[in-house]
Amino acid sequence: MCLAQRRPAVHKRQSRHIIPFILGGVVLYFVSGMVDELRVYQGASVAVYVIAISSIILLTGYSGQVSLGHGALMAVGAYAAAVARIELHAPIIVCFIIAVLTAAIGGALLGAAAARLSGPYLAGATLALAIGLPSLANQFKILGGEQGLLFDVGFPPLSLGQDFTQYKWFFWIAALAALISMWVIHNILSSRYGRTWRAIRGNEVAAQLSGINIARSKILAFTISAGIAGLAGALLSMTIGTVSPSAFPLTLSFSLLTGAVLSGITTLGGVMIGAVVLVAIPEFADAVASRMGSSEKVTTNLPGFLVSALLIVTVLFVPNGPVEQHRARKAKKAALKK
Amino acid sequence: MGNNVLGVKPEMLVRAGISHVSEGKSVVPELSVRDNLELGAIWRRNKKESQESIDRVVSIFPRLGERIEQRSDTLSGGERQMLAIGRAIMSKPQLLLLDEPSLGLAPLVVEQIFQTIRELANSMNLTVLLVEQNAIGALKIADIGIVLNLGKVVAANNAQTLIDDPAVRAAYLGY
Amino acid sequence: MQLLNTFLIGITAGSIYSLMATSMVLVWRSTRVVNFAQAGMALLSSYFGYEAVSKFHSFWIALPVAMIGGAVFSAFVEMVLIRLLVKHSSTGPIAAVAPIIATLGLLGVIRATVSMVWGGQNVRIIGPVSNDGYTINGTTLVFSPLKLLILVTVVILMLALTVLFKKTNIGLALRASAYAPEIARLAGIKVDWVRTLGWALAGATGAVAGMFQTVNGNGTLSPDSIDFSLLLVSGFIAAVIGGLDSLVGAVIGGLVLGLMISFVLMYISGGLFFIAPFVILLLVLFIRPQGVFGAKAARRA
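Chains as they are written, first to last, in the working numbering: chain V, 1 to 338; chain F, 1 to 175; chain S, 1 to 301.
Any given hint could be a false lead.
Stated by the list, open to error - Pairs of lysine to any residue, SDA-like flavour, derived with a Cα cap of 25 Å:
(1) F:Lys25 / S:Pro181
(2) S:Lys190 / S:Phe165
(3) F:Lys92 / S:Lys190
(4) S:Lys190 / F:Glu111
(5) S:Lys190 / F:Arg15
(6) S:Lys166 / F:Glu111
To be verified - Facing chain V, a subset of chain S residues (Cβ under 7 Å, in silico):
(7) Phe56
(8) Val72
(9) Ala75
(10) Phe76
(11) Gly105
(12) Ala112
(13) Ser115
(14) Val155
(15) Ile156
(16) Ala160
(17) Ile226
(18) Ser229
Stated by the list, open to error - Computed list of chain V residues with no C-beta within reach of chain S, every gap over 10 Å:
(19) Asp36
(20) Tyr121
(21) Pro319
(22) Lys333
Read the hints as simulated data drawn from the structure, not as lab findings.
Quantities reported herein were computed from a predicted structural model and do not represent experimental measurements.
Yeah, the Cβ is synthetic: ideal placement off N, Cα and C, and Gly gets one too.
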């Protein structure tokens, strides 16, 4: 009796949430037709960042584990996809799935190793990984060494018309991946898994006393987060066309963390903000630098400077992100009115 | 004398001659007994005076002398209280604030400590403000007693008078 | 012979890591923050040293300049950044993570700024004595006057710090402020300034590590160099191995790390250079999570 009554409610909740994502997809379809190539390419980058940042939000914002090594996990996914493409000649979708699975396995291992760590110890361990792992690719021939591997997703199918450019194709794939991922992640976060993670982050001892298996939950968070990061990595490589260690430097991991903090690390709602800012900063920095007539060394480093400075400012003054801050302010106002 | 110390930063209180003793707020468990004592006099920055003060404390509390290099978290409750008081007098205060020194201690130890406090007050010309739930024990060593009930002063008198006061006796000893 | 060389290389590198670890322990003990920007600050201090070398052509002037610069900069960071951090984000879901993120941001800012200011130049610092190995009975050891100098200096510094902490009033104030700030305050210690001092000491120590790491390597100073990345990671790992709370542990941790990396490179594979620290870290954390000298409570940051 109870089960039958519960089922329809759950089903309805999930399908209710899918509408905004479908609508989003339609909007993007029209928008991509109207803007120029550069914006389309940037749109693809934004989509990639959206996915990557949401993996951080899941891991850090929800389960409270700090990872400075997600750049390395992205690399794992990217290499897996590229190898699958080259060695197995697999269709693109299979490559991406392999990327997710491989990265997820890596995440599970990392999570198992990290389950006993917390706070700065975890951060430091993942930092060491972020520095060490990509360079491992130089050791194995199959991974292409310094120059890396080619990752070619192929041309857009002819059925989409002559004018359909490569960049538009990238954008579509990335955007579709982002929409699907967001829907999946949103549902995971709203489920009891999400609630369990929040409980752990809030107070581990209390969570344990409530019967939660801390280690298993943490490892699960790492696994899922890593899989998502792997997808983002594969998509990133798609847009660049190659996979190499230099595409996944330490600064990438930091950028992801920055983007997550900017978006509001505890909620998925603001993830676009972080992604857009991360893509916009290099361009903004370019504009500023050329306006000031600066040398090359300024232009190459200004984006990094701005990202890091923004990170400091955000974590000091808007630590929970603009979305959460706004909600908190609204709640305070409502409470005062009463 | 006669300075207003309300709202003053904590680090300024000891410079004003006020020493606060409360077991949780006086002893740093990770530091040795010697270190804790030295902490009491640290703001005076005089190492020689400091050593003299330590010698004096050890003569008052010989048990501390035995354990002088041990970590403070190895001390018993009574010894920690002694350490707290010893630390307080290291700074040669004029006013000593004692916050429930008998809490959690065995009666014999409590007696010892109360005795020591009285002796200190006499020998060091020290004004002691003793906050205690152990009313009779405290009144026995005090000059003046102030009884509070729910934050309000209900009696303020010569200590001996209060001990003899049947109302106080009734409130604290039930007869 | 190879064994001896490996050992000596490891000890020298390890002593530099010990310095980095010491600075991280100093920061941790005074403000309970893991400063991920420590290596960046060491890098910046080394650039100050470089400027001094350019002007005065003497390493022995450059070293104190770097130390003072490092100390001042660290004090500045503590006064501005850390105090703000404690004020604004000590509650809320991000509280545990905020100092980590803030110091990471600082690291990025320092790296970018250093690249912008000194970017195109070929920045080199030459050591005061030669790095050619001693020759005994016709065989040349890897051990050189420079390496000997580094070892001796590190030992002296460590002794100085130990004396400072154990025997002086300042040292007692530093320890008390780290363990129990409220009690320290009631003892009349100006805890805020003591914390700043802790950071300043850490900055000076890190500066020495940065300078030595540069001259012990190939002499080039750059934010993208291998030496810098190694410094970044190893300081932290060495501190963890030894236990974040312990200065002695920092020394041991640094030496152990240096030796282990040296042996791995020599006897297993040179290509494992970058991943070795990570593996070593994991091993340590599995075997003894609180570090060699750390108290069990130290693990929960």
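Here is what the structure says about each hint:
no.	hint	result
1	F:Lys25 / S:Pro181	10 Å, holds
2	S:Lys190 / S:Phe165	17 Å, holds
3	F:Lys92 / S:Lys190	19 Å, holds
4	S:Lys190 / F:Glu111	36 Å, violated
5	S:Lys190 / F:Arg15	12 Å, holds
6	S:Lys166 / F:Glu111	36 Å, violated
7	Phe56	25 Å, violated
8	Val72	19 Å, violated
9	Ala75	18 Å, violated
10	Phe76	14 Å, violated
11	Gly105	4 Å, holds
12	Ala112	3 Å, holds
13	Ser115	4 Å, holds
14	Val155	26 Å, violated
15	Ile156	28 Å, violated
16	Ala160	27 Å, violated
17	Ile226	10 Å, violated
18	Ser229	5 Å, holds
19	Asp36	30 Å, holds
20	Tyr121	6 Å, violated
21	Pro319	4 Å, violated
22	Lys333	19 Å, holds
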